[in-house]
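Trainee: Chain by chain, the residues:
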Amino acid sequence: METAPVDARVGLVALITVATLLAVMLRPRGIAEAVSALAGGALLVAVGAVPPAEAAVLLLNAWNVFGFFLGLMLIAAAADHADVFDVLAWQAARWAGGDPRRLLLNVFAIGVVLTAFLSNDATALVLTPVVYTLAVRLALPVRPYAFACTFIADTASFLLPVSNPINVLVLQRFPASLPHYLQHLLPAALAAIVVNVVAFLLLFRHDLRGRFDAAALAPPAALERPPGLLRFTGGGLVAIAAGYLLAAWQGWPLGLVALAGAAALLGGAARWRALTARQVAREVSWGLFGFVAGFLLIVQGIENVGLVAGLGQGLAALVGADSLRAAFTAVLVSALGANLVNNVPAALVQLAAVASLPADQPRTLLAYGTLVGADIGPNLTTVGSLATMLWLLILRRRGVEISSLDYLRIGLATTPGMLLVAALALWWAGG
Amino acid sequence: MRVLLAIGASADTAWLRPLPAYLPAATSEVALVHVVDVGPRKEWEHARERFVGRAPLRPERRADLADAERTRGEATLAGAEAALHDAGYRGPIAWHLRRGHPERELVAAAATLEAGLLLLRARERAGPAPAGPASVGHVARFVLDHAPCPVLLLRGRDL
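The listed protein sequences derive, respectively, from chains A and B. If you're matching positions, the first sequence starts at 1 in our numbering and goes up one per residue. If you're matching positions, the second sequence starts at 1 in our numbering and goes up one per residue.
In short, the hints are calculated from the structure, not lab data. Treat the hints with caution; some may be incorrect.
Claimed, not checked - To be clear about the criterion: a stretch of chain B counts as covered by chain A if any three or more of its residues have a C-beta under 8 Å from a C-beta of chain A, and this derived list gives those stretches:
| no. | stretch |
| --- | --- |
| 1 | 15-25 |
| 2 | 58-68 |
| 3 | 71-79 |
No experiment lies behind these values; they were computed from the predicted model shown. Just so it is clear, CB atoms sit at the ideal spot from N, CA and C, and this is done for glycine as well.
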C-alpha cells in the first residue's frame with residue numbers, strides 16, 4: 001500500500017522526462033529546446049522529484065559550467081569581430097600553394113587548433129562561414145571545405161577538456177587531472193582526426209583536383225587596418241589557451257579562465273571600438289543555459305526516484321566484464337543517444353547511469369566513452385537528431401525541397417569508422 | 001530565337017570552343033545562365049540548427065558571403081562570354097545570374113526568357129556513362145524531364 005504513491009511518482013517523473021525529450025526532438029510549434037528543457041525541469045521540481053533547495057544547490061554548483069559556456073561564447077565573438085578567423089583562413093589559402101588538397105589539410109589543421117582551445121562551437125559556427133566564403137572566392141567547390149569545418153569541430157572536440165562544453169559537464173561529474181584526461185583520450189582523439197581527414201581526402205578526391213590562384217584573393221580587412229586589435233586579440237587567445245592548460249593541470253575552475261579571458265578580449269574590442277554591448281549580447285546563445293539547467297534538473301529528478309539505477313543496471317548488463325566491450329558500448333550508446341535526441345541530455349543521462357554503477361565496474365572508461373560518443377556522435381546525422389533527419393526525409397518524400405542529404409551521406413560514410421577507431425584507442429589507452 | 005546556355009560552376013571554359021557549331025542559324029541571342037547553388041549553404045544552415053540557442057550569422061558575414069557568391073558568379077559568366085567570343089560567336093550575349101537549385105532555376109529561366117533551345121553540358125566523368133538513371137547528373141536529368149523547350153545535352157571528350 002505504501003509503495004503506490006512512490007510508483008505513481010516514478011511514473012510521473014518518467015512521463016515528464018520522456019515528454020521533455022520528445023519536445024526537444026520534435027520542437028512542436030517551434031518551441032525552443034531550452035523552453036522545453038526548463039519546463040521539464042520545473043515540472044520535476046513542482047512534483048517533488050527534486051526539492052527546491054536541492055535544485056538551487058545543483059544549479060549554483062554548476063556555476064563553473066555556466067561561466068565556462070558564457071566565457072567561451074564571448075571569446076569566440078571577440079575573436080570573430082577582430083577578424084582572427086578571416087586572417088587564419090586567408091593564410092591557409094596562401095600556404096596551400098594553389099593546391100586544393102593542401103588547402104583542405106590546412107582547413108583541418110586550423111579547425112583542430114581552434115576546436116581544441118575555443119571549442120567546437122567556434123569552429124562549426126564561426127569558422128565555417130569564413131571558410132565557405134573563402135572557397136567561393138577561390139572558385140573552389142564549397143562542400144569539402146564547409147563539411148571539413150563542421151565535421152572536425154566534432155571530431156577534434158575531445159582533444160582537451162575545453163574543446164567541447166560536453167567535456168566540462170563530464171568532468172564536473174567525474175573530475176580528472178589533465179594528464180589523466182590526456183592519457184585516456186588523446187590517442188582516441190588523434191585516431192579519430194586521422195580517420196576524418198583520410199576519409200575526406202578519399203570521398204572528395206574528385207572535387208580536390210586542379211589548382212587555384214590565392215594571389216587573386218584580397219587580404220582580409222583586419223590586415224588593412226592598424227594592427228592593434230588583431231595583435232591584442234591574437235595574443236589574448238594564446239594567453240587564454242595557456243591559461244586553460246594551466247587551469248586544467250592544476251584543477252582550477254575552467255569557467256574562471258574563460259570569463260577572465262573573455263573580459264580581457266572584450267575590453268580590447270571596446271578599446272578599439274570593434275564590438276558594442278548589443279552585438280556582444282547578440283552573439284551569446286542564451287538558450288544553451290536554460291537547456292543545460294533544465295536537463296541538470298531532469299537528470300537529478302530521475303536519479304532521485306531511482307530510475308537511473310535501472311539504466312545503470314542495463315548498461316552494466318551490456319558491458320559485462322570485458323573492458324573492450326565497455327569502451328565500445330559507452331561510445332556507441334552515447335553516440336546513438338546524441339543522434340536520437342541531443343548530445344547534452346544523452347551524455348547527462350548516461351553519466352548518471354555510469355555513476356550509479358558499483359566501484360568494481362570500469363566507471364572511468366565508461367565516462368570517457370560517454371564523452372567520446374557524445375562529442376563525435378553528432379557527425380552521424382549532423383542536423384542534430386535522427387528525428388529531425390527522419391522528418392526531413394518524410395518532407396522529401398512529399399516533394400518538399402530539402403537539402404542535408406549530402407551531410408547525412410558523408411556522416412554515415414565517415415562517423416561509424418571514427419567512432420570504432422576512437423573506442424578502440426580509448427580501450428587501448430585505458431588498458 | 002533565344003538560346004539559353006547553362007554555365008556551371010567550373011572555371012573550365014574549353015568546352016565552349018566548339019559550341020558555335022551547335023547553335024541554330026536562327027539564334028538571335030545567347031542567354032548565359034549561371035545559378036549560384038544554394039544547396040551547400042542550406043545544408044550548412046541545417047547543421048547549425050543542432051547548436052541549441054545558436055546566435056544568428058552576423059549581418060557582415062551574410063553580406064560578405066553574398067558578395068563572394070555574386071562576384072564569383074559574374075566572373076564565371078564573364079569567362080564564358082570571353083570563351084564564346086574566342087570561339088567565333090559574334091552575336092548578342094546576355095547574362096543571367098540566379099540563385100537557387102540549379103536544375104529548378106534553369107527550367108524557370110527557360111520559361112521566363114522564352115528560350116527556343118536550352119543547351120547544357122553533361123557532367124564530366126571518367127569513362128563511359130553508366131546505363132540507366134545515372135547516365136546523366138541530377139541537374140541534367142531534371143532539365144531534360146521538365147524544360148519547357150527543346151534541350152540539347154552536350155557530351156563528349158571535346159566538350
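Trainee: How does the coverage statement for the stretch 58-68 of chain B fare against chain A, requiring three or more residues with Cβ below 8 Å from a Cβ of that chain?
Mentor: n = 5 at 8 Å, threshold three: holds.
Trainee: Just to make sure I understand the rule, a stretch counts as covered if three or more of its residues have a C-beta closer than 8 Å to a C-beta of the chain. Does the stretch 15-25 of chain B meet that for chain A?
Mentor: Our answer is that it is violated, as 0 residues pass the Cβ test (under 8 Å) against chain A, missing three.
Trainee: State whether the coverage of the stretch 71-79 of chain B by chain A holds or is violated, taking the criterion as 3 or more residues with Cβ-Cβ distances under 8 Å.
Mentor: Contact hint for the stretch 71-79 of chain B vs chain A: holds, 4 residues under 8 Å.
Going down the numbered hints, you'll see the structure goes against just number 1.
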